[in-house]
Amino acid sequence: MKDSEIEVSVIITAYNEEKFISRCLRSIIKQSLPHDKYEIIVVNDASNDKTSYALDSFGDAIKVINNKKNIGLPASINKGIKIAKGKYIIRLDADDYVNLNYLNFLKLFLDFNNDYDAAACDYLLVDDEEKVLGRYDAIECPIGCGVMFKKIDLVKLGLYDESFLRHEEKELRVRFEKKYKMGHLNLPLYRYRKHENNITNDKNYEV
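Numbers in our numbering are just positions in the sequence shown, counted from 1, shifted up by 388.
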């Protein structure tokens, strides 16, 4: 794959995600956007379970960065963004998964709507068995993923604030929307998994 062909960089951070990471990666590898148009960067944040073994099984389909020590979510995201080659940056949490058209539709939205600097898609809340619990509007009930940004804008903003170990996406969004315009793709392309270890169960987090 030539670096010049890459238009979208997908950033996935993983810490002890042996249970879900394979499902996540299968969904992002099988996209309707041509494979030579995007790259998948996984930042393994010093996992001590079998996450590394799961990542190895995907071979050259993904690019893996292994942190020698745990540095946290925002710092790991920033590490991925800094080496990303795409014009567009999009996140995917290691315990979630996405629709076949996740990358393609969001990219097309930005390609053909120059008034917007980012685009957010709606999402389905699912349980561990992938049963749909509800559909949510990405603007009314935002989450950290399901948003495609222009890399140049994130760099100008100074990327994610690494002092925010929780709710880093809210802090970034506040800064972003002061300077840039976010569009809304009213399609549930993201699958946000609810389970006992994720942020959905944080009493301070509202969905």
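To be clear, the hints were calculated from the coordinates, so they are not data collected in a lab.
All residues carry an ideal CB built from backbone N, CA and C; glycine is no exception.
It is possible that some hints are incorrect.
Claimed, not checked - With a straight-line cut-off of 25 Å between C-alpha atoms, the simulated SDA-like cross-links for lysine to any residue are: (1) K470 to G522; (2) K475 to Y441; (3) K558 to I471; (4) K544 to E518; (5) K475 to I450; (6) K473 to E518; (7) K475 to K456.
Stated by the list, open to error - Label pairs and their computed distance ranges (CB to CB): (8) E528 to K457: 14 to 24 Å; (9) K519 to K566: 33 to 43 Å; (10) R523 to K457: 33 to 43 Å; (11) H572 to S440: 35 to 45 Å; (12) E559 to R523: 37 to 47 Å; (13) S551 to N436: 34 to 44 Å; (14) D424 to I453: 28 to 38 Å; (15) N502 to S445: 38 to 48 Å; (16) D437 to V562: 10 to 20 Å.
Against the structure, the hints come out as follows:
1. K470 to G522: It is violated: about 34 Å lies between the C-alpha atoms, which goes past 25 Å.
2. K475 to Y441: violated (30 Å)
3. K558 to I471: holds (23 Å)
4. K544 to E518: violated (37 Å)
5. K475 to I450: holds (18 Å)
6. K473 to E518: violated (32 Å)
7. K475 to K456: violated (28 Å)
8. E528 to K457: 14 to 24 Å: violated (38 Å)
9. K519 to K566: 33 to 43 Å: Holds: the Cβ-Cβ distance is about 38 Å, inside 33 to 43 Å.
10. R523 to K457: 33 to 43 Å: Holds: the Cβ-Cβ distance is about 39 Å, inside 33 to 43 Å.
11. H572 to S440: 35 to 45 Å: Cβ of H572 to Cβ of S440: about 37 Å, so the range 35 to 45 Å holds.
12. E559 to R523: 37 to 47 Å: Once the Cβ atoms are compared, 26 Å apart, the range 37 to 47 Å for R523 and E559 is violated.
13. S551 to N436: 34 to 44 Å: Between S551 and N436, where Cβ atoms are some 24 Å apart, the hint is violated.
14. D424 to I453: 28 to 38 Å: violated (21 Å)
15. N502 to S445: 38 to 48 Å: holds (40 Å)
16. D437 to V562: 10 to 20 Å: violated (34 Å)
Checked against the numbered hints above, the structure violates hints 1, 2, 4, 6, 7, 8, 12, 13, 14 and 16; every other hint is satisfied.
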